[in-house]
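Visitor: Residue numbers (the numbering used here), protein chains in the order written: chain W, 1 to 181; chain B, 1001 to 1247; chain S, 2001 to 2354.
Just so you know, not all the hints are guaranteed correct.
To be verified - Per label pair, the in silico range of CB-to-CB distance:
(1) B:Ser-1180 to S:Leu-2214: 56 to 62 Å
(2) B:Pro-1084 to S:Pro-2191: 38 to 44 Å
(3) W:Gln-156 to S:Glu-2231: 35 to 41 Å
(4) B:Pro-1020 to S:Ala-2192: 40 to 46 Å
(5) W:Gly-79 to S:Glu-2231: 54 to 60 Å
Just so you know, these hints were derived from the structure itself, not from any lab. The beta carbon of each residue, even a glycine, is placed where N, CA and C say it ideally should be.
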Amino acid sequence: MNEKIIMAGFGGQGVMLIGQLLTYSGMNEGKQVSWLPSYGPEMRGGTANCHVILSDAPVSSPIITKATSIIIMNNPSLGKFEPLVIPGGDIFVNSSLVDIEVERNDVNVYKIPANQLAIKLGSDKIPNMIMLGAYLAKHPVVSMDTLKSVMEKTMQGKKAAFIPVNLSGVQEGIDFINQIK
Amino acid sequence: MSVVYQKSRGLTDVSTHYCPGCTHGIIHKLVAECLVELDILEKSIGVAPVGCAVLAYDYFNCDMQEAAHGRAPAVGTGIKRVQPDKFVFTYQGDGDLASIGSNEIVQVAHRGEKISTIFVNNAIYGMTGGQMAPTTLIGQKTTTCQDGRKEELAGKPIKISEMLATIDGAKYIARVSVDSPAHIRQAKKAIMRAFQTQLEGKGFSLVEVISSCPTNWGKSPVEALNWLRDNMIPYYPLGVYKDWEAE
Amino acid sequence: MTKKLMKGNEVIGEAAINGGCRYFFGYPITPQNEVPEYLSKRLPEVGGMFVQAESEIAAINMVYGAAGSGARAMTSSSSPGIALKQEGISYIAGAMLPCVIVNMVRGGPGLGGIQPSQCDYFQATRGGGNGDYRLIVYAPNNLQETADIMSEAFETSDYYRVPVMILGDGMIGQMMEPVEITPPKKKRNLPAKDWATTGTDGKRKPNIINSLYLNPAQLEEHNLKLEKIYEDIKANEVRYEAYNVEDADVVCVAYGTTSRIVKSAIMECEEEGLKVGLIRPITLWPYPDEAFDKIKKDCKGLLCVEMSLGQMIDDVKIAANGRWKSYFYGRTGGMIPEPEDIKNEIKKIIRGEK
């Protein structure tokens, strides 16, 4: 296994968080992992992204120049990262917010109306979790149990209250992809 | 024969390099006497500056660190934070403290660092050969203002004690002089008070000592003291600018 | 203890505490802010002290005072801030004070940028401050190595009374990897710090921390004493990683973050049947000249890859000593070399096109 995923969107959409959850879960399942964020002023409301690698072999470069999957939460990120996807790779697009089309035809495109699905679940905070779920539906690299235990470890105190809705978001993303199969 | 006076054991036996008529020697003596009389010499760490007092580490009979130019308050902070139960003082001139080290002295006071500073103000750079200092008086001639300091070019001389007294963390600030026996006695009292301020854990303390530099002023030692009385003291009024007990 | 997913800058902080550091003096600058933020919370928990200084200049001089008091102290910053610290670093080297300085390098010159760079190699290895002095400079390339090096840095610095610099970059500082922070492996026989200014307590002569020697004969003697220590360090502290160097047709030389990108390029070359090796200096000073001796005679060339316009290449040429041709590829300003480009450079050397 050598998953190289870029997650990108506006600052505040939680792309860093889903990247960390996936990385942490991968580590707990014995994989070699790295998480590399963009940093600087762009974190404060601009575009943000992180590079996540889950691999059986030690991670060489933590920078992804050939992505196996990308998770896209806004328009600018699609233009920026679409060229980095390997042929046959996967692009997960939050179609609630991204209104431009993927131009390549050598990749798999999954459009997930993550914001609408989130509102249906009663929370506008979890489109990121739904996108993570969509990715996991196609790439079940970590189990839901592991993900849950990581959330329990990293979201403590007040944040713990959000674990159930976060998990329901992930499940919603998985179900959405499975239903369009 | 009974001993009526002897050199303070707060000073080493090394002969100083100071010029004839320089008042650093008097100030060293006062600092040393205060360290001995307060019984803190053995737990003192002094910080020497860059300037005429750069070799002060050879003269004070206690542990010493030699700091980079202007950085003595930062070095003193490092020492005191590691050893809060020790006594820490810096000994700095006006080029060191009021020019290159102005940020460090303001911030050490601002943090209320529990250290004490002896600030020797002789209105000139001595060690480097008599250049203009921020404290040089208007009209005073130096090697870098040979026609006298002009306000429009160099501003007015900076008043450190007045400035530092506005900072909350500074708990004792006084300006003294060592031009006469009466003033020397007052100076010693102020140094004692500054040191006690630290020992009682109140905050930062500083004593500005108006001092002479016969060599670079181009005057005899007596003329220099007269010039100090006639020119420096009127511009730099002596007195206590801040005292935690009075507040 | 099991592995924890940690951010590089936090690894620096926790490993410093693990290595006995109890005092941190610093000033905010991107991309190393998580180091002071982490330590401001953690140091008081272990009986230590964090001070946010008024400037980088003050911070390094606080380190001077604290190290001169016998404490394990450190500071961290990024390129422009490290430039400001050079005065203090030179004084610390002159006064033979042990301490650790972390530089999370960003693009320059001037205010430059905040993205990863290796443009401070000269500053770190040639002495950014005045005088005949050296720092022991480590450049880890992953977070576990960062943790291990940082944990041992204070021990090493205490042993030689030479400051240690850890050279990272924004990527090392910001990324997360699994890390296990374990007690330092290398324990040294450290003499008591009987030179520290702790107050005479009436029991000894005053100690003086100083770098001033007005008598040139005495200053030369002092410099020679330092040089002897530097020779010891050269003999004992060189660290590097060598990968398939012996039968490589091209040997890449890279450190820190860049070495990982180069490794990716090398693995892709291997898939195409090319023989490419890697020398990765872990100590930038002392430089691992000896690593080059294993390169075969008819190796087609060395390729030094840096995130700069060519600084370590000088040391590569010194180490190669005319035995092989040395080539350079670099990106600068915060731009990162891509494996594809490095691969092309390697192939050009193999084809004799460079």
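Visitor: Hint by hint, say whether it matches the structure.
Guide: Hints, one by one, checked against the model:
no., hint, in the structure
1, B:Ser-1180 to S:Leu-2214: 56 to 62 Å, "34 Å, violated"
2, B:Pro-1084 to S:Pro-2191: 38 to 44 Å, "26 Å, violated"
3, W:Gln-156 to S:Glu-2231: 35 to 41 Å, "52 Å, violated"
4, B:Pro-1020 to S:Ala-2192: 40 to 46 Å, "43 Å, holds"
5, W:Gly-79 to S:Glu-2231: 54 to 60 Å, "56 Å, holds"
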